[in-house]
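Participant: Chains as they are written, first to last, in this note's numbering: chain A, 1 to 100; chain B, 1 to 583.
FYI, nobody ran anything at the bench for these hints, they're computed from the structure.
Hints should not be assumed to be uniformly reliable.
Unchecked claim - Only pairs whose alpha carbons sit at most 25 Å apart, straight line, appear in this in silico SDA-like list of lysine to any residue:
#1 K175/B - N59/A
#2 K68/A - K175/B
#3 K68/A - D100/B
#4 K68/A - D147/B
#5 K68/A - Q102/B
#6 K175/B - A151/B
#7 K68/A - L145/B
Unchecked claim - One-sided and incomplete, this derived list gives chain A residues near chain B with beta-carbon spacing under 10 Å:
#8 R40
#9 H41
#10 T65
#11 P71
#12 G72
#13 S92
As the list claims (entries may be wrong) - If you anchor each label on the Cβ, the simulated ranges turn out as follows:
#14 T51/A - M365/B: 49 to 57 Å
#15 G39/A - G62/B: 37 to 45 Å
#16 E76/B - E57/A: 31 to 39 Å
#17 A367/B - N59/A: 37 to 45 Å
#18 V86/A - M365/B: 27 to 35 Å
#19 T51/A - L164/B: 52 to 60 Å
#20 A367/B - V86/A: 51 to 59 Å
#21 S92/A - N80/B: 34 to 42 Å
#22 N59/A - R154/B: 35 to 43 Å
#23 G130/B - G39/A: 47 to 55 Å
#24 P20/A - L164/B: 52 to 60 Å
#25 A367/B - P20/A: 54 to 62 Å
#26 R154/B - G39/A: 53 to 61 Å
#27 S83/B - E57/A: 28 to 36 Å
Even for Gly, the Cβ is constructed at its ideal location relative to N, Cα and C.
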Amino acid sequence: MTPRAATTVRFRLFVAGESPNSLQAVANLRALCDADLAGRHEVEIVDLMQTPERALEENILLTPTLVKVAPGPVLRIVGALTDRDVLRRALSLSAGSKSR
Amino acid sequence: MSGKQRFATAGVAKCPTGIVGFDELVGGGLPRGRSTLVTGGPGAGKTVFALQTLVNGAKDFGEAGIFVAFEEHSRELLANAASFGWGLERLTPNRLFVLDAQPDPELMRSGDFDLKGMLAALSAKVRQTGARRVVFDALDVVLHLLDDPQAAHREIFRLRDWLLEHGLTAVLTSKIHREPNEMGREPSRQPDSYLQFIVDCAVVLNHEAADGMSQRNLRVIKYRGSAFAENAAPFVLGESGLSVAAGPSLDRSVAATTTERVSSGIPRLDAMLGGGYFRGASVLITGAPGTAKTSLCGAFAEAACRRGERTLFVSFDSGADEIGRNLQSVNIRLNQHRRSGRLRLVSPSSGGASAEMQFSQIKRMVAEHRARHLIIDPLSALALPGNLETARGVVERLGHWVKSEGITLLATSLLDGSQPEDEGTPLQISTLADTWLHVSYLVRHGERNRALTIIKSRGTQHSNQVRELVLRTSGISLEDVYTAGGEVLMGALRFEKEAAVRAAAAQAALEEKRERVELENSTMELMSRIKQLERELALKRAQRESLGVEAAKRAKVRAAGEADLKQLRGADATRRPKRQARP
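For reference, chain A alone in the conformation it holds in the complex:
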């Protein structure tokens, strides 16, 4: 991966159609980005019901799965992303809006 602006966080979120936990994950990720990463995030949403081969390519078996692609290291979090504190810790984001 070619590093972009060091401050831009790139996410890929794998979902399975419109299942409740997938919809929840999308909403929760949006909320997190708006709160903590406004203007410095990119999100790609991959629906495995539409492109199932990508699950094999990227070894995604549980949905929803959030992959933090950049900056490294690559990180995976499964689930509907309901607990924002867990997410913050995992993404090394402090509560509030501290940038790095």
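Let chain A serve as the given structure and place chain B on it in line with the hints.
Facilitator: What follows is chain B alone, placed relative to chain A:
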């Protein structure tokens, strides 16, 4: 049972696993288009069972398969499986696809999730490869990720629906750390206990150690709509994977019995048996150590190979080369047949492997060698400590198996003492034998000699005579024995007796010749006397003849004289005509 059996064959389509012995237990295979749960402790063989079902499906039944590995990495899995020699490397991913589905140990969770993504991916794979079989190996791993039992329940039913939708024959494996509840009647709190409810068939694999010897068995605890063997069936995890010992009651196919005889390799023994062993019979040779049991095996092997029949000789006691060399001393040449490939002589170690394992190895070797005759020397090697319990069953099944394959079995067993009828071999192997030979030592006058007896030989007239088994550099032979004062004579005593008998015979022959000459002489004498007497008789007859003629003349003369006299006297003249009186 038979009613259930009929229902089974009519109702449930079967999907063969191709696992030796297993399909027989369940009347043909796993329920087709349905799921089977395989549970067991760690290392019980669940993964091998599942993978073998897929590999056999792809190789032998033309059914592509998908293996979803939750526990083992596909590289490790395939590396381990490579040792089974299934030719896995020749199966392209289109025929056997392995999906690495190990959860990342660093995986972080936040909130609810499900298996939809994976199932969507697998649906694509099923459409692409046309897979008919699928394995989810170590489902417990993924179910335990779902810390909410409700979620686990939901995902299990999602999986069931997905399997039914695709009509796949599935094997789901799951670890258990304790004996399962009988028929799952008392569901535990473990999320995977729900698995019992979504499957049509459930198999439990057990692995335990008895006296330090590994013993494995499996038990089918449920099979919807089908009969199955309910008892635990022993199995082995051998070089070619898992093979199940099907009980004899379920495998009664017996090769056509034959009256054809095969030579024992010893002409005189063949004669005693009425022509040799029956082809396809089981022959047991018992005896104390050193009673030439192995030599009898060698003689049989050599004779079979000379007829061009492939033979497997399993020797637990000595190495293959050692046997080849030792038997040369009694003129049994096995090495040439080993070189030609007709004879396979193997000497597996008898220790360290369970009787089941040994049996399965023997079966594999017989199949590989396409052997028509099997020699196991000694069979009692299977019953080493720790194996005794299973060895009995193994030996019984060995007997049934060779019968069903039409293989002639020659097995030896160590047996001390000279009274084989009181036999207490731990294996009770004598019951499997059609023909039972016993070799014992008779010790008299500082000699130890071998005596061979036929204790039984089913379906054949056989000699009840004890014979002395003699090993010479020219070969093995059987000699008559003599009984003197109720005791059997052998060795030097037999030799002395034989010499005496030979001398007596020569004497008798001489005597006879003399007598014949004498008789001939007296016959000649008598005949000449008869001739002389005949001559005398003829003479006498002649004399008697001439005597009659004279008498007649004399009577005539006298009559004439009387007539003259009457004429002279003139008497009776009126009564007698003159012409009569005067000639």
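Participant: Look at each hint and say if it fits the structure.
Facilitator: Hint check:
For the given pair, K175/B sits about 24 Å from N59/A by alpha-carbon distance, which is consistent with the 25 Å threshold. A distance of roughly 33 Å separates the Cα atoms of K68/A and K175/B; the hinted pair therefore is violated under the 25 Å criterion. Only pairs whose Cα atoms come within 25 Å are accepted, and K68/A paired with D100/B is accepted, the gap being roughly 21 Å. The hinted pair formed by K68/A and D147/B meets the criterion: a straight-line CA distance of about 24 Å does not exceed 25 Å.
In summary, the hint linking K68/A to Q102/B is supported, as the alpha carbons are separated by about 19 Å, within the 25 Å threshold. For the proposed pair K175/B and A151/B, the alpha carbon gap of about 19 Å is at most 25 Å, so the pair holds. For the suggested pair K68/A and L145/B, the alpha carbons sit about 21 Å apart, so the restraint of at most 25 Å is met. Annotation: R40/A was flagged as interfacial toward chain B, and the flag is violated, the nearest CB pair being 21 Å apart, outside 10 Å.
The closest approach between the C-beta of H41/A and any C-beta of chain B is roughly 17 Å, which is over the 10 Å cut-off, so the hint fails. Hint on T65/A holds. Least Cβ distance to chain B is approximately 7 Å, under the 10 Å limit. Interface hint status for P71/A: violated, as the beta-carbon distance to the closest one in chain B is roughly 17 Å, over 10 Å. For G72/A, the suggested interface contact is broken, since its CB lies about 14 Å from the closest CB of chain B, more than 10 Å.
For S92/A, the shortest C-beta to C-beta distance to chain B is roughly 13 Å, which exceeds 10 Å, and the interface hint is violated. Judged by the Cβ atoms, the range 49 to 57 Å given for T51/A and M365/B holds: they are separated by roughly 51 Å. At about 58 Å, the CB distance of G39/A to G62/B disagrees with the hint of 37 to 45 Å. Against the hinted window of 31 to 39 Å, the Cβ-Cβ separation of E76/B and E57/A comes to about 22 Å, which falls outside the hint.
A hinted range of 37 to 45 Å for the beta carbons of A367/B and N59/A is consistent with their spacing of about 41 Å. Checked against the given bound of 27 to 35 Å, the beta carbons of V86/A and M365/B, roughly 59 Å apart, lie outside it. One distance hint, 52 to 60 Å for the beta-carbon pair T51/A and L164/B, is violated here, with the actual separation near 25 Å. A367/B and V86/A have their C-beta atoms about 58 Å apart, which keeps the hinted 51 to 59 Å range intact.
The beta-carbon spacing between S92/A and N80/B, approximately 39 Å, falls within the hinted interval of 34 to 42 Å. Between N59/A and R154/B the beta carbon distance is about 23 Å. The supplied range of 35 to 43 Å is therefore violated. Separation of G130/B from G39/A is about 49 Å and conforms to the stated range, judged on CB atoms against 47 to 55 Å. Taken as a hint, the range 52 to 60 Å is violated for the pair P20/A and L164/B, whose Cβ atoms sit roughly 23 Å apart.
Separated by about 56 Å at the C-beta atoms, A367/B and P20/A satisfy the suggested range of 54 to 62 Å. Evaluation of the 53 to 61 Å hint for R154/B and G39/A yields a failure: the beta carbon distance comes to about 38 Å. Between S83/B and E57/A, the C-beta spacing of about 30 Å keeps the proposed range 28 to 36 Å intact.
Consistency with the previously given hints fails for numbers 2, 8, 9, 11, 12, 13, 15, 16, 18, 19, 22, 24, 26, ordered from lowest to highest.
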